[in-house]
Structure formats: structure tokens, C-alpha cells
Amino acid sequence: MSMTAKERMAISRQHMPEREPMERNRDFREVNLGFSVALAQLEANRCLQCKDRKCVSGCPVGIDIPGFLEKVSAGDLRGAAELLLSANALPGITGRVCPQEEQCEQVCIRGKKGEPVAVGHLERFVADWARENLDMKQLIGSPTGFRVAVVGSGPAGLTCAGELARKGHNVTVFEALHQPGGVLTYGIPEFRLPNKIIDGEVDRLRQMGVKIICNVVIGRTFTIDELLTEEGFDAMFIANGAGLPIFMNIPGENLKGVYSANEYLTRSNLMRAYDFPDFDTPIIRAERVVVIGGGNVAMDAVRTAKRLGAKEATLVYRRSRNEMPARAEEVKHAEEEGIIFKFLTNPVRYLGTEDGWIRGVECQQMELGEPDESGRRRPVPVKGSEFVIECDVAIPAIGTRANPLLTSTTPDLKTNKWGYIEVDESGATSKPGVYAGGDITRGSATVILAMGDGKKAARSIDQYLQGKTPKTAKR
Amino acid sequence: MFKILDAKQLASDVKWFRIRAPLVAKHRQPGQFVILRLHETGERIPLTMANADRNEGTIELIVKAIGKTTRELCKKEAGDSIADVMGPLGHPTEIMRVDHAVLVGGGVGTAVIYPLASALQAVGCFVSSITGGRTKELVVLEDELRKVSNVVYATTDDGSYGFKGTVADKLRELMADKRRPIGVVYAAGPVPMMRAVCELTRSAEIKTIVSLNPIMIDGTGMCGGCRVTVGDKTKYACVDGPEFDGHLVNFAELSDRLTTYRKQEQISLERAEHAGHQCRLNEAAKASR
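Sequence lines, in order, name chains A and B.
So in the numbering used here, spot 447 of the first sequence is number 447, and the numbers just go up one at a time.
So in the numbering used here, spot 26 of the second sequence is number 1026, and the numbers just go up one at a time.
For reference, chain A alone in the conformation it holds in the complex (with noise of 0.2 Å):
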């Protein structure tokens, strides 16, 4: 019945279906199709069932990949997500958001002549199948009556609220927003992670029991001091996420049509501005853009200007293609789209009209020069090489720092000279039963490795729990 090597070696990667390049770019509906049923198990069928089972080791959550992989090729699609969901609370989102070819893919075997499993498609077929088909209670613990509080609703939050869920403890989530899902939801756009999905995960941990409270920010509604205190919890774990959009400081930045990539993002996808004016919120909608940055935070800011109506959207990057740090995905799906790319080119400057818009950005061309701290080619201007783009709106996307809100008001949290929270390798703070993970200890990183710091907190918050009387009993 089990097929030979050989006859996995003959199939080649399956293409995943995708709406036309030039009609997704006027909406914000999901790109990728997904696969059908046959198509995942022919693909599933790819995998080689390696003993050395490198992509395991390459997940920042340690998913059965193999595992669930065979699985799927069987037919047991339950089984799939099962295996799948005990180690990955969240993968209808990963599937869509990991830089799988940094991670899983990288490592994957059949990648070394010819192209990797889809790992992250296959998960993403997995998830979106389980979230259709599967009762989630049956996995919840039975109940330990010991609280936590989880700060933010994030990939880190959510993911530790649901492992602790999934031990029986009583989790309630604390979101500064009207709307759960942090930058899963106020960061990337619809057409790479439709709301649906998150709405869809949330659903699913609100069925194991997590208590989700919306408006509710942490450093001023509650001070964390007062959640262990007055609001009885037992532990808790902070991810506030990373949150100051940062400016180059250039002359110009406050000129009317001028954007952090946070704010833009924020308005077009929690505040749904590309439907105003049958939403509240405006966005402008510019002919030309210009992004600046080479990550995912700018890829999605120059994706959504196009579905703006940009005519001519164009990303800015200091370095050259290879140094992007942006999904190759979303790189090959922006370049389809009919993003312009301008390499090796960096704003000096934004121009502004009599009246405080902005009219275009001054650039300077750069080459590359020696290795920096970060191991690539650091960037060095070319003298005289200055010009001009036009534009009439300008996203600078190029990283956050530490937001101080909740830092500030718990004095006895130890951060680092960045004002990034301070953990151990537990996860653990400098503040008994107070954990943290995500881009608040870490800054700007991503998705997975945000997940990756929930799971290994619940892990930790559970074994801190251990041995000791919940606060709500001893009243």
C-alpha cells in the first residue's frame, strides 16, 4: 500500500492555486486558492518520511510534520489535524504567514534536487479542513482552578492561552482593541490572511474555555501589580507586541500623506478604510506610493496601496534583492502584481507642496560595501547619486521600537536598553509568575517565532503552577 521512494521522488511540487495576479490587485480577497483534497495528497505523498527528520528540527513549534504528512497522504484527515493541532494551536494562520523557506522547506530533503514539500500548504489545507470538521473541547484538560492572564491577543497570546487552555487551567485574554488577533489582524491584510481565519481560531479557543476581553490595556485599565493582586490571577504571560512604528528622521515625515506602515495597515485592514465610506475611517487613495523597507511589514503596505488603486506603487530598499528579508512569496506574488521594485535606494528626504502634502521622496542611490553586524553587505550612498520619485503618499516601513505603555507603569520588570521586556530561557521575567514573549521581548520578528515563545511560556507557566494552591481557593 506504502508507496516506494521512488514513486514519491516522481511527483513534483504541486502548484497551489491562485487568483489572476491582475484581478487580486484591485481586492483584498485571499490570493492563495488552496488545495483540494487530491491535490494535498498527492503532494503529502512528496514527502520522503525521512529518519532524520530535519524539518521537525527546523519548526519553531516542533510540528509531526512527517507525521501529519503521512496522514494526509492516507486519507485521515482528522488524524492530520490532530497531530497537527497538539503541537501548533494556530495553523490555519502559520500556513499562511510562516517564511516556511526559511524554516521547515529550508531543510526539507527533496530540496536538494528540486523543490522542497509544501509544508506550510499542506498545513494550511490541514488547519483550514479542521477548522470546518473538528470538535475542540475534547482536547481541553481537565480544570487545575488556577487562573492566568494572558496580555494581548496576538500570535504569542493566543497561542499560550490556547496550550493552557488545553491543561485546564482558566485563561482570560486581555486585547487593548475592539477586535482580537493583534497583528494578525491590524497588520496583515485580508488578501494573505482573510479575518475569517483568525475569527476562526478565536472561536476555537473561546470553545476550549479562553475569555476574551476586548478595550481593555494593560498599563492603564489594569496595572499587571493589580491582576495579580485585586484580580486574583495566578500567573501570567505578557505580549503586548512590539509597537512604536519608527521614523527614519528625515526632513518632511510629518507632511499630510506621510504613513507609518502601521497606521496604513491599521486603517485599511482593522479599520477597514478600503471599504470607506461604507466604513467610518478614510484612507487616502493615491495614484503613486512609495514604501520603504524589504520586509513583510512593507510587502503587505505596497500590496495594499496597489489594491488602493495605486497606479504606479513602488518599494524603496536600501539593499539589494537577495538581503530582503520579506517571504520569498509574497516577493514573487508583489513582483506578479505589478509592484515596482527600486533596489539599492534610500530616502533622504521627503518634498512637500505648498499646502504640507507630499509631492515625492529624494533618494540616493547605494552599493553595497562590507558585511555589518547582521552578516549583510551594509548599504553605502553613491555621492551625487540623488533623485526624485513622485508620489502622493510615502509608507516608511521599516521596523518598530518598544512600546513603554505597560513597561512603564511595572517598575520591577526588567527590560534590556531597548525597553524590550528582559525573560530567561523559560520565558520567565524578572517578576515572579510574570512571563513574556513575542516581539515585546524580542522586537520586530515574526509570526512563528512569536507562537514559538506562547507555547514555550504556557510550558513554563504550568510547571511554575505546579505544587502551589490556586488564589481564588485560598478566599
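Because the hints were derived from the structure by calculation, they are not lab data.
Computed from a predicted model, the values in this text were never measured in an experiment.
There could be a bad hint or two in this list.
Unchecked claim - Derived BS3-like pairs (lysine-lysine); straight-line CA-CA distance at most 30 Å:
hint	chain 1	residue 1	chain 2	residue 2
1	B	K1026	A	K431
2	A	K211	B	K1026
3	B	K1076	A	K383
4	A	K417	B	K1235
5	B	K1147	B	K1076
6	A	K196	B	K1026
7	A	K414	B	K1026
Said to hold, decoys possible - The following label-pair restraints were derived from C-beta to C-beta distances:
hint	chain 1	residue 1	chain 2	residue 2	range
8	B	D1157	A	E230	43 to 53 Å
9	A	K211	B	D1080	20 to 30 Å
10	A	F387	B	S1118	51 to 61 Å
Note that CB positions come from ideal geometry on N, CA and C, so glycine has one too.
Given chain A's structure and the hints, the job is docking chain B onto it.
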């Protein structure tokens, strides 16, 4: 959902609300604001709280119907609800212990300075409050201010009530009175008004604190939309403010940035008006049947 317990019209387009929001009320201090969203398709807008009652679990807002959202909010009555109220946000006002503090409120800006009066009195300040508007109708909270200030001056641009002139004109008079030198001025209101106040106090070197109202979305520092230039540094009004040293604020930039969505605001308003007409027409049609 956050329930409106009381609503009262203060002027034709200014309304006072008492809203049930116990978590916000519990920690609210003078100077802090909330961000609210009326419904599923609504936008998020910041509003400074005029008051809060910890025991009752309520907050008070004073709202002027200007844009689409504030007009919609001002149509709400006791018993109605608001989808989201988030807060308290921003730093509380720094209450300075001086001999003579002057509060200057223009229009609904008075709702921002009103809660400071009792806090300043509590630390021993002599509190003079100036509340003004273009015309009599637009002078709000005068009676409330009288209860918590030592003196209150009402001003109108057209002279239809109280002192004829702007709040800045009145402030100039107070500054000229050497018997009671001013230690600090707190000002809130339209940008040109705050700017005029700061220009007056700058040369006299009177510390002046202004409460800024830039465009805001999340209110937690995440989007940077509310950035203002203060002393050549970019600050985020939501997490660094909303109050700043008025002598350092770049008001020209602030008022310019506030015009970013003028076109879209017009579209929103026209659409809302149109929908309102449709609605009334439907009601009329039903009634005639």
C-alpha cells in the same frame, strides 16, 4: 457594549453623556481620554473625559457634533449603547502647585479643563477659569466651573454674552493684573485658540500646558498617526501626551495635519445626511399609509 445612562443637550450641537464603563472609571485621572467606536462600521475617535465616578463605574463625556461620528454620537440618548470604549489613555495632567492657575477653555475644550479646576483647588491654587465661544450658545459648563473655580469669566467673540472678545483677550487682561501673577495656564480648545494663548504667555514666560487633539486610531502608540512636533522632537500624543508644553508645540503643523481627511470627512457627512433624509422619508411614507 457600553451603555449611556444619561444624556443632556448643553447647546444646540453640544451634548453631555454619562456612560457605564467601570474599568475605565476606576483608574481615570484628570486629563485622560478614551477612544470610542460607535458600532461595527465606525471609526475610532479620542475624547477627553470630563469626569468619572469610580463608585458608580461611570465616565462623563462632552461632545460637539462636528464630524460624522460626533454627529451620530450626539443623536444618542440615555439607554442607547456604544460598541467600544477603551481607556483611560494618555498621561494624567500634571497638577502644579502655584498661587494662581488659569484655565482656558474654548468651546468644548472647556470639558477638558473643567476637571482640572477642583484638582488645582485641592492643592491650594487660586483658580481663574475662562470659558469662551463664538457666541452665547457655544459657552458651555459655565455653571459647573463656578462650583470649582475661584473666579469664572465667560467670553463671546460677538459679545452676545459675558466679556466681548476671545478667551485670549480675557487672558491678556488677567496677565496685566499684577496683583495676582499667574503661575500656570492650562488651555484646551481649537488649535488657533491654543496657539493664541501660547503666543501671549510665551513672552511673559508663563508655563502653559495644552491638551492636543490630533487624529488618532489605536491610542496605544502603535500607529504614529497622532505624531506632533514638540520642541523639534516627534512625540505621539496618545502615549507621550495628550498634554504638552504649549511653548514647544508646532501648532502650524498640527492644524495642517488635522486637515488630512477634509475631503473624506465631507463625503462621510453628505452620505450620513442623505441617509438621514432617506430614513425620514421612509418614516413619513410609513406614517402616511
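Now the hints, each set against the structure:
1. B/K1026 with A/K431: holds (25 Å)
2. A/K211 with B/K1026: Cα-Cα ~21 Å, so holds.
3. B/K1076 with A/K383: It is violated: about 61 Å lies between the C-alpha atoms, which goes past 30 Å.
4. A/K417 with B/K1235: Holds, because 20 Å separates the two Cα atoms, which is no more than 30 Å.
5. B/K1147 with B/K1076: holds (28 Å)
6. A/K196 with B/K1026: Answer violated: A/K196 to B/K1026 is near 34 Å, above 30 Å.
7. A/K414 with B/K1026: holds (27 Å)
8. B/D1157 with A/E230: 43 to 53 Å: holds (49 Å)
9. A/K211 with B/D1080: 20 to 30 Å: 26 Å Cβ-Cβ, so the 20 to 30 Å window holds.
10. A/F387 with B/S1118: 51 to 61 Å: Roughly 59 Å apart at Cβ, these two residues keep to the hinted range, so it holds.
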